[in-house]
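Trainee: Sequence:
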Amino acid sequence: MTSNSSSSDVPQSLYAQRIAPEYDVSCSEVSIQFETELAFDLWFENTARRHAHWITRQTNISKRNAAITAEMSEEASNVCLLPKMVRYLICDHGRSKSVKEKTTAEGSEVASKKRRIRKKPSIKVNCPARITKTTLYNGEVNVKYVWQHANHDPLDKSDIASSRLPKTIKDLVRQQADSNKV
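Position in the sequence shown (from 1) plus 325 gives the number in my numbering.
FYI, nobody ran anything at the bench for these hints, they're computed from the structure. Every residue gets a Cβ at the ideal spot worked out from N, C-alpha and C, and that includes glycine. One or more hints might be untrue.
Restraint ranges, calculated between C-beta atoms of paired labels, are given here [as the list claims (entries may be wrong)]:
no.: 1; residue 1: 392; residue 2: 371; range: 32 to 38 angstroms
no.: 2; residue 1: 396; residue 2: 499; range: 19 to 25 angstroms
no.: 3; residue 1: 450; residue 2: 384; range: 22 to 28 angstroms
Here are the computed lysine-lysine pairs in the PhoX-like style, where the Cα-Cα straight-line distance is at most 25 angstroms [said to hold, decoys possible]:
no.: 4; residue 1: 388; residue 2: 449
no.: 5; residue 1: 492; residue 2: 388
no.: 6; residue 1: 445; residue 2: 409
no.: 7; residue 1: 469; residue 2: 449
no.: 8; residue 1: 409; residue 2: 388
no.: 9; residue 1: 409; residue 2: 469
Make the full structure from the sequences, and use the hints.
Mentor: Right, here's the structure in full:
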């Protein structure tokens with residue numbers, strides 16, 4: 326898939342017009358409950374995704390709870406509050422940049438691989454922003470949303486332009502940032 330085809334799949338407004346969520350500034354973590362997966366998807370597209378770029382870090386599916394609910398009647402499993410799946414999303418600036426030391430075994434003549442030269446510095450600044458999405462067996466979705474970003478501002482146009490976006494969107498953001506400087 327080329328960068329042109331992937332950028333046409335992503336609405337440009339998600340990156341060009343970021344918004345700040347309207348939560349209490351004194352509380353960095355917000356708990357939200359949704360009745361359905363569709364309600365969560367709407368919130369994610371209209372609020373969380375327009376605030377920052379999120380990366381799925383890990384997804385856990387509970388096999389133990391699946392075995393428990395398989396033995397229940399359908400009515401009992403519809404009111405069951407056991408988690409079916411937990412998905413973790415982190416800010417694309419999350420985690421710290423990894424600095425790997427070159428290690429060589431003493432006495433061995435193993436040639437170390439040449440590392441790829443990176444042209445841009447890492448965007449990783451150990452940002453604590455994250456979304457923990459828990460889907461229950463009754464269809465409800467519980468979300469813990471740490472929405473405050475540390476060490477970077479996801480609304481800053483230079484931050485958007487330096488992040489990992491398709492080239493056409495980066496060019497659009499740079500063009501808007503340059504027009505605002507004049």
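Trainee: Just pull the numbers of the violated hints for me, sorted ascending.
Mentor: Structure breaks hints 2, 4, 5, 6.
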